[in-house]
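Asker: Using the hints provided, position chain B relative to the given structure of chain A.
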Amino acid sequence: MPGTDLRFQVQNISRVEGEGSLHLLVRDGAVAEARLQIFEAPRYFEALVAGRTPNEVLDIVARICGICPVAYQMSAVHAFEDLFEVEVEPATRALRRLLYCGEWIESHALHVYLLHAPDFLGYPSAVELARDHRDLVADGLRLKKAGNRIVATLGGRAIHPVSVRVGGWSKAPRRADLLALRPELEEALSLARSTVRIVAGLEGPAFEREPRLVALHHPGEYPMNAGRIASNDGLALPPQAWDQAFHEVQVPWSNALQSRDSDGLPYLLGPAARIVLDHEQLHPLAREALDETGALESIRRNPYRSIVARAIELVHATAEALDIIDAYLPPDAPAVPWQSRPGTAAWATEAPRGLLFHRYEVGDDGLVAAATIVPPTAQNQAAIEADIATFAPSVLGLPIDAATHALEQLIRSYDPCISCATHFLDLSIHHEATELVS
Amino acid sequence: MTMAAPTIRLLVCGSADRGDDGAPLAAVAHLLPALTAAVRAHLEIRRCVQLDVSDIVDVPDGEACIVLDTVVGIEPGEVVTMSLPELAARAATITPRSSHALPIDQVLGIAEAVRGGLPPGAFVGIGGHWFGFGTMRSRVVRAGLPALQAAVTDAIDALLVLEKV
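Chain order of the listed sequences is A and B.
According to my numbering, the residues represented by the first sequence are 1 to 438, in order.
According to my numbering, the residues represented by the second sequence are 1 to 165, in order.
Hints were generated in silico from the structure; no laboratory data involved.
Note that the Cβ used here is the ideal one computed from N, Cα and C, for glycine as well.
It is possible that part of the hints are untrue.
Computed Cβ-Cβ distance ranges for the label pairs, DEER-style [to be verified]:
| no. | chain 1 | residue 1 | chain 2 | residue 2 | range |
| --- | --- | --- | --- | --- | --- |
| 1 | A | 234 | B | 75 | 13 to 23 Å |
| 2 | B | 93 | A | 337 | 52 to 62 Å |
| 3 | B | 72 | A | 370 | 26 to 36 Å |
| 4 | A | 25 | B | 93 | 25 to 35 Å |
| 5 | B | 146 | A | 197 | 23 to 33 Å |
Chain A stretches covered by chain B per the calculated footprint, using a threshold of three residues with CB under 8 Å from any CB of chain B [what the hints assert, rightly or not]:
| no. | region |
| --- | --- |
| 6 | 25 to 31 |
| 7 | 119 to 128 |
| 8 | 156 to 162 |
The shape of chain A in the complex, shown without the other chains (with noise of 0.2 Å):
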């Protein structure tokens, strides 16, 4: 009715990690307000990190994410690496890798099974597909546990991993570490490939749009530790630069910051823009089951085959880790020799959910001073926003509850980590008192 306004709330958006919340408002039958709710609290872990060294740095940013912990050290190891002119040994980087194959065969393999395949099978949670269809959850979790298995045997343990060190590793793993990880990993690839048939079928909506994408691009391997921040409209920038391209934004509705890019636009990470970027990156095998798929372009504008775009990750990340347990070699030491020296150490590396910013500044006692952490879901919260605008017209005259669950899909395309969007520190302090006096 003209002249009315209808407000959706989504008070508490399920099946994501964290917790918001999704306000709507309609004014005239058009979007005039889509608002992310972010009202997870503040984490404080960029004020938490202030006065450590760069190891016990390591250690403490794993421990923004129950779910990408390796994400947050690789991001920081890098940093201080680069700053420092450490030269890891191929091993250490090969490793590093290997592990980063183990976060993301166990993040995708949560979100596709877990989070994200009940949409397109019309169940309200796993528990009620698993009901049904019990031997394709089995095989989620198969999957999921044989990257936990690789995190658990570099890192020390499955969650919150404790082994990386700047110059290296606490302990670098035997040579028969990893091949124990093999047949497990043989079976992973397995399902991977199995699971980008079943996601490719899978029906979405036919929601289209032409978003920026950005991610790593590395002319020789598919994009984890290295390479240059790229987007698809030909931006190209060293890792240690991604404040030249993006800044971060406050907003009064949610607690994790927003990103922008240098013309105020919000701007897309993660699975997909890896897959449209990177595709010519891929192993082999992913590649092929990309191919089979013929759904590059969809996974460039359609949302919703971002299930797509993991599996293929699946197929590339378990690919890639019995590539490297077969060539390895464990390194002359654990960890190489290093330096402090004061500066400013940045680094970007692709978690599950897309490009992750760290900067430190490192004072002449070593120790860092400040810190800034850019996670991909604080990135992608505008995106998010920007999508929902578009797409919530075409779900407007649903009742409420459908259009509240087509919503909430939406949303959960994007695998938003909440939790990892919260660790922010924002303070602002007024002198008001003390400009009074004087």
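Answerer: Here is chain B on its own, set in the frame of chain A:
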């Protein structure tokens, strides 16, 4: 001498470096030396920083499990014992802290469906006061640790009696 196979899997959740989240680890560390060798032979201790579906699915048929965690939704220091199905049913009011990726009712519900039933066992929880990274355990939870140990011992005894029956 051949040891008896463990028949009770003790899934100890939480992180020692997150305040009261480490209460289960502290309780088990103090509890184990106090148990008889015969009882300890029945136990397999597994640390689960966060309880995963696979932690429950992997409990073999014929074995039981006790999940031990710090919870919110009850008074700090208060100890509760309940069955796993009861925990799933009451997840909205009594929430274990160590379940990040999925809420506890979904962890248990998926495990039940995949496994074909939950293993016999129990959940033992202690109410937590604070969980900040790098914080000590609160006074009230430290005071509740003996009760937590006693509740775990009772849960073990109950399962061993059940086993004999």
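Asker: Each of the hints needs a verdict: does it hold here or not?
Answerer: Hint by hint, here is what the structure shows:
no.: 1; hint: A:234 - B:75: 13 to 23 Å; verdict: violated, 59 Å
no.: 2; hint: B:93 - A:337: 52 to 62 Å; verdict: holds, 54 Å
no.: 3; hint: B:72 - A:370: 26 to 36 Å; verdict: holds, 33 Å
no.: 4; hint: A:25 - B:93: 25 to 35 Å; verdict: holds, 33 Å
no.: 5; hint: B:146 - A:197: 23 to 33 Å; verdict: violated, 55 Å
no.: 6; hint: 25 to 31; verdict: violated (count 0)
no.: 7; hint: 119 to 128; verdict: holds (count 3)
no.: 8; hint: 156 to 162; verdict: holds (count 4)
In terms of the numbered hints stated before, the structure departs from hints 1, 5 and 6, listed from lowest to highest.
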